[in-house]
Structures are given as C-alpha cells and as structure tokens.
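Please take these sequences and the hints and turn them into a complete structure.
Protein chains: 2
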Amino acid sequence: MPESTQDQLFSLLSDQTINRKQFTFHGDPLPSTLKTPSKLVVLSSGTPNDGFFPINSIQLGITKKPHTPTSESFAIEKHANEEDLLDIKDAFQYGPTEGHPQLLKFLKSFINEVNRPKYDSWDITLTNGTGDSLNKVFNLLVNPGDVVLVESFTYKPVLNNIVNYGGIPYPVSINYGIEGDHGIDVEKLTNLLENWETINPDKKKPKALYTIPTGQNPTGLTISQENRAKIYELAKAHNFIVIEDDPYGYIQLGEYTDGIHNVYDTEIPYKRFIEEILPSSYIQQDNSGHVIRLESFSKTFAPGSRIGFIVAHKRFIKEIIKYAQVSNRAPSGISQIIISNFINQIGGIKGWIDWNIQVSKAYTERKNVLLKTLYNSSSFKKGQFNIVEPKAGMFAIIDINFPNAKEDYRKDIEELRYKILESGVVVVYGKNFAVNDDIAKGSKFIRITLANSVDTDQIKEGGEKLVEGIEKYFESISA
Amino acid sequence: MPESTQDQLFSLLSDQTINRKQFTFHGDPLPSTLKTPSKLVVLSSGTPNDGFFPINSIQLGITKKPHTPTSESFAIEKHANEEDLLDIKDAFQYGPTEGHPQLLKFLKSFINEVNRPKYDSWDITLTNGTGDSLNKVFNLLVNPGDVVLVESFTYKPVLNNIVNYGGIPYPVSINYGIEGDHGIDVEKLTNLLENWETINPDKKKPKALYTIPTGQNPTGLTISQENRAKIYELAKAHNFIVIEDDPYGYIQLGEYTDGIHNVYDTEIPYKRFIEEILPSSYIQQDNSGHVIRLESFSKTFAPGSRIGFIVAHKRFIKEIIKYAQVSNRAPSGISQIIISNFINQIGGIKGWIDWNIQVSKAYTERKNVLLKTLYNSSSFKKGQFNIVEPKAGMFAIIDINFPNAKEDYRKDIEELRYKILESGVVVVYGKNFAVNDDIAKGSKFIRITLANSVDTDQIKEGGEKLVEGIEKYFESISA
Chain A
10 MPESTQDQLF SLLSDQTINR KQFTFHGDPL PSTLKTPSKL VVLSSGTPND GFFPINSIQL
70 GITKKPHTPT SESFAIEKHA NEEDLLDIKD AFQYGPTEGH PQLLKFLKSF INEVNRPKYD
130 SWDITLTNGT GDSLNKVFNL LVNPGDVVLV ESFTYKPVLN NIVNYGGIPY PVSINYGIEG
190 DHGIDVEKLT NLLENWETIN PDKKKPKALY TIPTGQNPTG LTISQENRAK IYELAKAHNF
250 IVIEDDPYGY IQLGEYTDGI HNVYDTEIPY KRFIEEILPS SYIQQDNSGH VIRLESFSKT
310 FAPGSRIGFI VAHKRFIKEI IKYAQVSNRA PSGISQIIIS NFINQIGGIK GWIDWNIQVS
370 KAYTERKNVL LKTLYNSSSF KKGQFNIVEP KAGMFAIIDI NFPNAKEDYR KDIEELRYKI
430 LESGVVVVYG KNFAVNDDIA KGSKFIRITL ANSVDTDQIK EGGEKLVEGI EKYFESISA
Chain B
10 MPESTQDQLF SLLSDQTINR KQFTFHGDPL PSTLKTPSKL VVLSSGTPND GFFPINSIQL
70 GITKKPHTPT SESFAIEKHA NEEDLLDIKD AFQYGPTEGH PQLLKFLKSF INEVNRPKYD
130 SWDITLTNGT GDSLNKVFNL LVNPGDVVLV ESFTYKPVLN NIVNYGGIPY PVSINYGIEG
190 DHGIDVEKLT NLLENWETIN PDKKKPKALY TIPTGQNPTG LTISQENRAK IYELAKAHNF
250 IVIEDDPYGY IQLGEYTDGI HNVYDTEIPY KRFIEEILPS SYIQQDNSGH VIRLESFSKT
310 FAPGSRIGFI VAHKRFIKEI IKYAQVSNRA PSGISQIIIS NFINQIGGIK GWIDWNIQVS
370 KAYTERKNVL LKTLYNSSSF KKGQFNIVEP KAGMFAIIDI NFPNAKEDYR KDIEELRYKI
430 LESGVVVVYG KNFAVNDDIA KGSKFIRITL ANSVDTDQIK EGGEKLVEGI EKYFESISA
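In order, the protein sequence lines correspond to chains A and B. Taken in order, the first sequence gives residues 10 to 488; the numbers are from the working numbering. Taken in order, the second sequence gives residues 10 to 488; the numbers are from the working numbering.
Do not take every clue at face value.
Pairs involving identical chains hold if they fit within one copy or between any two copies, as the list cannot separate such chains.
Capping the alpha-carbon separation at 27 Å, the derived lysine-lysine pairs in BS3-like fashion look like this [stated by the list, open to error]:
no., residue 1, residue 2
1, Lys44, Lys428
2, Lys469, Lys481
3, Lys415, Lys390
4, Lys327, Lys30
5, Lys165, Lys212
6, Lys450, Lys197
7, Lys73, Lys87
8, Lys390, Lys400
9, Lys98, Lys74
10, Lys98, Lys87
Hints listed in this document are in silico derivations from the structure and should not be mistaken for laboratory results.
Next comes the structure, spelled out in structure tokens:
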C-alpha cells in the first residue's frame, strides 16, 4: 500500500484515537548480561492458578443440523495440552484483549479463504459482539460533528452508537423494489458525494458509510457485486470508510421454489458455497484499507456468546485493541472456548461452512414456505401487496399497494397494523427502521422475520394470518 | 433518602451521562380497545430460534475444593424449564444488558445478605469484568479536568481508565507499615480535602476516590472498619463517590500460624464467615448513595468468565445500563449460565460462601507457608527486611531495610532485583505500582503473589530463592 494512501486513511482516525495515551505496565527488562537460572519461580503474576477454577471439564452435546437432537458430544478439559484446542486453564484465565490464539488463528484462516482483502496488512480482533464492534469502530473514527452515512432504513441502534460520539447519521437512499437494483442507490450516492458542499454547506464530508450489504435489516436485500465495487471506488475517491456490517452473509437463501422441501437437495460442497454462493464482501475488493468488516457469531452460532470480530487494516485493529484496554477488555474466554472447540470438533473451516450451509438450508425452507403462503394468497392475487424476495439472511419484506399514492402513509399503516394484529400475527413496519420522520412517512412495507419461529408450520400460520389481516384491511377501506 | 442528598449525589454525574440521548426502538403500543387473539404468531423478532444454536447440552465437571479432581458433574439443558436455572435457550440468546434474571436474583440476595447498603434504592448490573466496570463508572462520573483520588500505590491500569475521560488521577497517601493503621491515611486525606483550594488552587475538588479496601493491590493490606467509616463521612461531607473495588474481599487469610496445615481446621459455618470474618464493605455504611461497589468473579471463579458486577444507587445503575447499550451491551450469556448454574448446583448463597471459604483456606495455607519461609530465613533474622502480614487477598509485601535512608531507592531496588533474579525468582516491586515517579522513588517494598503458583511447595521454593537473593544483595553491598 503506498504511503500516501495510508496517510489519507489514517487521517480518518478520531482525535481521541490519535491522542490516546496509555501508561504501560510491562515488567522491567532483564539486562542481557544477567545470569539467571533457566527456570524462574514466578511470584509476580496476579493471575490465579487454574486449580482455583471450580470447573474441571465441560462436555458439550452438539448437533450438526439445526433443530435436531444431539448427534455427538465431546469433552473440553483442563490441561488437555492439544495445540489447536483451547484449554480450560487458558480460556478461564485472563486472556488476550484481541482473543485467544486458537480462535484468532481459525478466523484468520477463515477470512483468508472466504473474505480475503486485496492487501496484506489486515488483522482481526474479537469483540463482545457486533454491538461492541460498532462502538469501537465509531470510537476509532468519529469526532463530534463528523458525518456517517447510513442506509435510509437500517438497524436503528447504530444511530445511538454514532450519536454517542457526537457523530451525525445521514441517510442515503436505498432501492428495494421488486425490479431493478437492490440496496444503496449508487447514482444518488455519487451525486450526493460529488455535490456535498452544495447540498450540505454546513456539514463536513462523510467520514464513513455504515452498511449492511447482504440480507439487509430491515429490507432483507443484498446489494450487487457491481454496486459494491462502485461504492468502494467512491470510498477511495472521497476518502471515507465503508463499515460493512455482515451478520447475515453466511445465511444464503437460494432461488424461490415452491417445492419447499426440495431446497439444496443435493449436498453443496463447501468450496462451491464459498466461491459461488457467498456474495463477495466489500473487503474482498479492498486494496487501500477503506473497508472495516464486522462479523458476528450471533446469527450462525448463538447471540448469547457475545463474540463478534472486526477485520480491518492492522493499524485500525491496533487502535481498537488500545481502546478495548481502557473499556471492556477481552471478550469472555468461556464463550471463546465453546465456539473454538466446537468448530474444531466439527472439522474447522469445512465443518464450519457445512454448519452454515445447514443453517442456510433451514432458513431457505422457511423463506420458501413463507413465500409460497404469500404468493398463493387471494390477497396477493388481488394485487394488494408485492413481495421482494430476499437472497440472504432472515428478513423478507412485502410492500403494500395502498390504493392512493401518498406522501405520508403512517395513518394507513396504523390501520393496517390493527387489522393484522386482529388476525393474530405481529410483524414490524418499515417506518420503525426509518432513519428520520420524513423517511418513515413514505414507508409502506412490512418486515417479516424468518428467525424466531419454532418451525415452518408457524411461519406458514403467521403468513396466513398476515394475508388475512391485509385482506381485511383492504375490505375495510373499500367498505 | 432526602431529595437534597439525591440532588447533591446526581450533581456528580458527568456531562456525557446527563446529555446522553438515545433513540428507543420499542414496538408501537397496542390500543387497549383492540381485540387480538390470545396467542399471537410472532414474525417480528430478529432473535434466532434456539433450534439454530448447535449446542444442546453442557455437562460440567466441578469441584467444591480448589486443586482437587472433579467431585461431581451436572447437566445444563436446552428447555429444562426450571425457574432458578438459567436455560441454554435463554443464555445463548440475546440477553438483558444488566444480566440474566437468575444470576441477578442470586446476586441481589447475596448482596442483601453479605454487603447490604443502608438505603433501599440500590441496584445491580453485571459487567464484562471489573475492567469494564471501571470504564463504566468513570464514564458515569468523569468530565475532562475532574480529579479522581487514588491510593499512591494502586492497580495501575485504572489510571488509563481515568485519563481516557480526561480525568486527573491524584494520589493519596497510604500506610503500609508493620505497625499502625493500614490503607489510606485518613488524617492526611482529611487535611487534603479541607485545604483543597489552598493545596490545589488550579484543580477542581475530587469527584471520586478509587480504592481497593481489602487485600489491596499491591500492598495486600486491609483498611480498618473505623477508617472506612471516617472516609465515608468525608465522601458525604465533600460530596465525592467512593469507588470500592473489591475483588479480594472474599479471600480471607486469617492470623499467621506456622502450623501451616492447621489453618481453618474446624469448618467455619458460612454465617460466621459472613458476619465475623468478612470485613464490612464501604457500601454497608452507605445511607446516601456515595459508594459504588465493584465485585468480580475473576478471583473466586475464573477471570476468563469476564463477569463482574456493580452495586450502586439505582439511578447510577440505570445510567450505566444506558451507556452499556451504546458500548458493549450485555456480558456473555454463556459465562452467565456457567456461573449461575454452578452456584445453584452447589447450594446458592451458602454453597457459594462455602466455596469462598475453601478458596480462603487454600490461600491461607499459601500465605502461612510463605511467611514461615520468610520468618525462618537468616536474612529476616539479620533484619534485612520486614514482613507486612496480609489479612486478605493474594498479595503480601516485604519492605527492604536498606542500610541508608534515601529519597530515591530506584538504583538500590534495581541492584536488588538482579540478585533476586539470579537466585531464580521473579517478584514485582512497589515502584511498579506507584502513581507517579516521586512515589516510585521512595518505594522499597516487594510484592509477592500467592495466586499463580502450582502449590505450596512452589511458594516455599520461591520464598527461599527470594531470601537468598536478598541476602546476596546485602553481601554485595557490604563487600
């Protein structure tokens, strides 16, 4: 990476990052001339001996396919002394801020195989989940008054993370129609950036773009590779960071088929899943360090693990670790040992991808059941709503075809919501994810989640109640 | 609590706490007149169904006495549906920022029994360990330029936490002689506070005192109940917060006896341990909300759990939770289930205290072995050092009787360090914990840790090498 690119990149660091001064507490160095016994007794360290941990072993009952009973179990020991396995003596001890080496080693191999940046000086740190990653990334970048672009409908807690540092969230238009591009409107974004000073004379140029590129929340939509490439070029040209939040990327939903139980009916080799099915991450295009990628174990392992990770330029990772050292330190070693040794048990990268394929299959089945229910409904056939099919993740949206185009649909949405509730189903509405009130007004879509239901029957039941509610709403307004 | 006390207390909140604005994302309310089916299908929530978690059960092999093999094992299930047990379906799911109700319920009962404040409106939140608690407490209180008092020798990473918010750590004298009071010098502190404007015309009056009252790091010493009471009164009178960091309080070391294996040889009933042996916490004197107590599972369960908790006025806890929601969110649910169900398995409060008694016994044995080794040494008999006996925790200090009193012992300590290393033991020195260089210069004590050694033989070996090194040093300077 040329030095000028690096200088430009590092100019984006926040003042608090640049000015962070920390006392270091390394032990005093040994003079090289000093002759000490080869084995020193250590009475200096405040870390408790592992004999003080009351847990001696952990046996995990696991499954390799969602919603199935335990298919095998394996033990995690104290003093197992196997190189690739995290040991209770280490996982239950104080651990490195960036994470234990066994899990980091896996993640580096995994990113190297699946989502490798186009430059070498990238690194990884674990975090306490993506919520924590977001706090750390905005701490890294945002000064009061800095602008962070966000999709006009987005995961709203991120706004609090931005505002916490005095940052200004600024919405960018997204496309979510049945036809045409999905995700950030590149033309509008280009225009916004090129004419920033005219459009926003009182605001600094954006320092970052926060985006959920795949299976976006709330739209469920995935931006094309072509548009990712264009947005990445904008990031380089206008010197801002693409913060790629990708918790859903490994949940691939395939094409809709009403042969619901037929999905992924031939086994997908993990290489094909990586190379053909997974969308190319922003960071795979990155040769300049302008992408910070956030991943999570919440959707494909368990949210309660509170383990996420950040892939970025090593300087960024170093600064994030320094901040972690004055904030929440290392994430749980107990979570790490369970994730790390589970992945080892099921076969490393291949096993982990196989598990993600199984999760994808289960979600695909759920999506197909939902879509079939919706497509077959009389409400749909009457043209009361459109379905925007998701290709990834856990969300699908339907857009209501209200009889009259309006600037403000909030009253209509509220009446529709009552009918849907009376029919016995809870969904959420686009307006709840809108970045500001103007965007909320214009929103007329419903977000349906595939994640929480017990099984496909419940998805089907929910879908049926939903279309019943929509139909009742349309009856009520034509009455 | 009178309103005026509360106003005074809340005036200590930092600007960022007072000004924190957060978007809320509650679902829209239901109109009370709406008739909905009694059971609603939920297609709104983005939390994955627990069938997507690949872990179905966890079997833990545990011991009720440190350094002993597994004495029993028990299972943690998905869908166990027992009220007091945390379930895999919940622990592996997104959880409450403040912690899961089962663990919080235990901790509230525990604090109620062991360290109850003198007012009712206190509350508890879990954190990602005490490092995280410190960040959260300084976020709660510290504006740039605010002064935080710290013991002149202390756990130094706390200085980074203070400086991170622009706070100014300010040392207060502590006593650590063989005779007389231990811990913060109350007379000097009183004088400092009463004459603050004269002594420090350029600094604001302190907003907080950070203290490790029991088994202090690095001195191992415990401040008396009487002095705690006086310091608490100072906190009220001068309106500052006592941040009581107490990771060591439950490790009680008893009186020194050279009948090493005789310690705690009658079983201590847990009630006696709570009522007579545990020192009274600052928060037990608190009737005004001026104490924030930090506890940790690091020393008496396992540091890798990254679970600590904060006990404080409920308004403070509420603000800390709001900050957690824009920073690292909830701590690991996997850590929580293992701690919570372990404690339940061993019998709740009584079982937990029994475990702490066993940990105390093991540390007491270690301390007695160390002290016996030191007292019996010819170096000690020659008067080359004093031993300051700890009553709690994992540290002991010895103070070197250098032949000449000096203002700056750093060169002498460095030469001593070489002799001690040549003898084959690593210890740390008071100067490494000094809050500033002047304090470091005057320091001539060594901190010995009881925690890390494999067993008492290693402690003994380390102690022998230590006194050998000290003796060699004295030979070298008299040569």
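Right, here's what the structure says about each hint:
1. When the C-alpha separation of Lys44 and Lys428 is checked against a cutoff of 27 Å, the pair qualifies only between copies, where the shortest distance is 10 Å, while the shortest distance within a copy is 83 Å.
2. Taking the shortest alpha-carbon separations for Lys469 and Lys481, only the intra-copy value of 18 Å comes in at or below 27 Å, while the best inter-copy value is 82 Å.
3. Taking CA atoms no more than 27 Å apart as the test, Lys415 paired with Lys390 passes inside one copy only; the shortest distance there is 23 Å, against 93 Å between copies.
4. Proximity of Lys327 and Lys30 under a CA criterion of 27 Å is satisfied intra-copy only: 13 Å inside one chain copy versus 30 Å between copies.
5. Only within a single protomer do Lys165 and Lys212 lie at most 27 Å apart by alpha-carbon distance; the minimum there is 22 Å, versus 41 Å between protomers.
6. In this assembly of identical chains, the alpha carbons of Lys450 and Lys197 lie at most 27 Å apart only when taken from the same copy (20 Å versus 63 Å across copies).
7. In this homomeric assembly, Lys73 and Lys87 come within 27 Å of each other (Cα to Cα) both inside a single copy, at 25 Å, and across copies, at 16 Å.
8. Taking identical chains as interchangeable, the C-alpha atoms of Lys390 and Lys400 lie at most 27 Å apart only when both belong to the same chain, with a minimum of 23 Å there against 79 Å between chains.
9. When the C-alpha separation of Lys98 and Lys74 is checked against a cutoff of 27 Å, the pair qualifies only between copies, where the shortest distance is 16 Å, while the shortest distance within a copy is 30 Å.
10. Proximity of Lys98 to Lys87 under the C-alpha cut-off of 27 Å is found in both arrangements, the shortest distances being 5 Å within a copy and 26 Å between copies.
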